[in-house]
Structures are given as structure tokens and as C-alpha cells.
Amino acid sequence: MTNIDIHRATTVWLGLLVLTLGSAWLGEGALPAGLTAVVVALIVGVKGLLVIRHYMGLTEPGSRLRLAMRLYFVVVPVLIVVSAGLGA
Amino acid sequence: MDLAVTAPPGGMTTVPGNRGIWVGILCELSEFALMFLAWAWFRQAHPEDFRAGPAMLNAGAGVANTVVMLTSGYFAVRAVLAIRRDDAVAARNWLVATLLGGLAFLLIKAFEFSWNIEHGVVGTGNSFVAMYYYLSFNHLVHVVWGCLGLIWAILRAQFGAYGAAEHEGLEAAVLYWHATDLAWIVIFPLLYVLH
Chain A
2 MTNIDIHRAT TVWLGLLVLT LGSAWLGEGA LPAGLTAVVV ALIVGVKGLL
52 VIRHYMGLTE PGSRLRLAMR LYFVVVPVLI VVSAGLGA
Chain B
2 MDLAVTAPPG GMTTVPGNRG IWVGILCELS EFALMFLAWA WFRQAHPEDF
52 RAGPAMLNAG AGVANTVVML TSGYFAVRAV LAIRRDDAVA ARNWLVATLL
102 GGLAFLLIKA FEFSWNIEHG VVGTGNSFVA MYYYLSFNHL VHVVWGCLGL
152 IWAILRAQFG AYGAAEHEGL EAAVLYWHAT DLAWIVIFPL LYVLH
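These protein sequences, in sequence, are chains A and B.
So the first sequence is numbered by this note's numbering: it starts at 2 and just counts up by one.
So the second sequence is numbered by this note's numbering: it starts at 2 and just counts up by one.
Just to be clear, a hint being listed does not mean it is correct.
Stated by the list, open to error - To spell it out: a stretch of chain B is covered by chain A in this simulated footprint if at least three of its residues, at any positions, have a beta carbon under 8 Å from a beta carbon of chain A; those stretches are:
{"hint": "1", "region": "38-46"}
{"hint": "2", "region": "71-77"}
Said to hold, decoys possible - Here are some of the chain B residues that sit facing chain A, going by a computed Cβ distance under 10 Å:
{"hint": "3", "residue": "T15"}
{"hint": "4", "residue": "L27"}
{"hint": "5", "residue": "G63"}
{"hint": "6", "residue": "V68"}
{"hint": "7", "residue": "V81"}
{"hint": "8", "residue": "E172"}
{"hint": "9", "residue": "L176"}
{"hint": "10", "residue": "H179"}
These are calculated hints, taken from the structure and not from any lab test.
A virtual CB, placed ideally from N, CA and C, is assigned to each residue, including glycine.
Construct the entire structure; sequences and hints are all you get.
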């Protein structure tokens, strides 16, 4: 919420919608399961980081809170990929 | 643990909201992290259930709810931008729009659960379906909490409690809403996309 203007907020919102529709398309089986998991994990990570930065306004350099929130959207996508790899 | 939600001298904070809401958000996301681990565990234990699972669900409802949550989050950002301009009326209206998004999410979920029952998607004997209901209901509870927080912020805005100089409560309600959005960003592909 800090350092964001209406134009950027709108752009981020549209980007999040495009990424969501991309995920939905992947759900139709457009790609092999393993590749789907990797792309989905990347989309989850990007969407999460966009919300944390632009919607929640966690932009302070060196903030442990920002680090913890960002790490969440690194660890969870890794969990998705690992889970898909083990299940293959 | 120092999470840098400490007010520096002068009363200005560099992190939005307040310390209390960030405790709540971290608790919420930790709770969901455990559920995501459970999802991964049961996916390994019962791969056939999870491979066939997403096709059993109403994917359209899942996509619609994701669009609704993201759009509602955008409205919440607009509420914060409005109050920073000291436009309390616009901020209240954007909060109402955010709340309507939350109510739309609940309505779509009600439709989805009804559709599930009609199509035999019930949580007995299938690990994926059980996980689907477990994640969905837990997230639903957080959406309801978020809606209650938004109603409180709307009432406070209506009665002039917020302005450009002081709107910590509004920011806190909005931050909680975004955290609920974050959880859904993960839940959506786990349930509706990954085969």
C-alpha cells in the first residue's frame, strides 16, 4: 500500500487476472503434469510476491517481516514442485 | 522475534497496519502452511485420488472465486489510496465494494458446494475431496472474519474515524483481506489445477 498509485495498482490487478487465467488454462491439461507443476509454482510465487509488494505495501528494505512474507512465496512453490516430482 | 513492526520515533511506521494485525496474518499463514504440508503428504499417500480430483470439481467456480478475490483486493487498495487523499467517502465506498466482493465469494462457494452435492463430491473415502473441503472451509472462515473486519472499517469510515493522518484500523482490515487473498492464491491451483 505504500508507494503505489492508482495506475500501478490497476496494472498489477490486471496482471494477477492474466496469471489466474493462465493457471486455469494449465488445469485443462495443456502441458505435461511435471511442467504444469513448475509453471503453476512460478505463477503462485509471482502472484504472491506481487500482492505482498504492491497490495500490502511491504517494500521496506531489510524488513524481517517482508523477508518472512517473501520466503513464504518461495517455500510454498518449492513444495508444489517437490510434491509433483515425488508423485510422478 | 523482531519483525520490524516497531514504530520509529515520531510515530511514523514504515510497515502498514499495526503490530496486532501482522501477528494475526502470520498466524493465519502459518496455519495454512500446515494445511499445504498436509496436502503434499496426502498427495504422496493417495496419488490416484489427487490425479483425478480436480476434474471432479467445478473449475469455473474456482476461477470465478479467484477473480473475485483478486478484484476485491484491488478495491481494498483503492480504499487505502482514497483515505490517503483524505477522501473518506470514496474510501468507504471502495470498502463497500471490497465487502461485496467477499459476499460474492461466499455466494459462489455456496453454489459450488451445492453443485458438489448434486454431483456426488462428498468428503468420504477420497483423500483429495476431504482435503478440498478441509482447505475450503478453513479459508471460508477467514473470508468471513475478513468480511466482519471490513464491516467494522466501513462503519468507522462512515462515522468519520479515518482521515489522511490516521487510518491504521482501515489499513489493518485491508491487510487481513489481502492475507486471505494470499492463502487463496495457493489454494486455487492445489485444488483446481494440479492433476
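Per the CB criterion, is V81(B) less than 10 Å away from chain A? Holds. Min distance 5 Å.
Quick check on H179(B) please, does its C-beta sit within 10 Å of some C-beta on chain A? holds (5 Å)
Quick check on the hint: V68(B) CB to chain A CB, less than 10 Å? holds (6 Å)
Please count how many residues of the region 71-77 of chain B have a CB within 8 Å of a CB from chain A and say whether that reaches 3. With 5 residues close enough to chain A, the hint holds.
Go through the hint on L176(B) and say holds or violated, using the shortest Cβ distance to chain A against 10 Å. holds (6 Å)
Double-check L27(B) for me: the hint is only fine if its C-beta lies closer than 10 Å to a C-beta in chain A. holds (7 Å)
Under the criterion of a CB-CB separation shorter than 10 Å, is G63(B) in contact with chain A as hinted? holds (8 Å)
Between the region 38-46 of chain B and chain A, see if three or more residues pass the 8 Å beta-carbon test, and mark the coverage as holds or violated. holds (count 5)
Is the interface hint for E172(B) satisfied, with its Cβ closer than 10 Å to some Cβ of chain A? holds (7 Å)
Can T15(B) be said to touch chain A, with a Cβ gap under 10 Å? Given a least distance of 5 Å, the restraint on T15(B) holds.
The structure meets every hint from the earlier list without exception.
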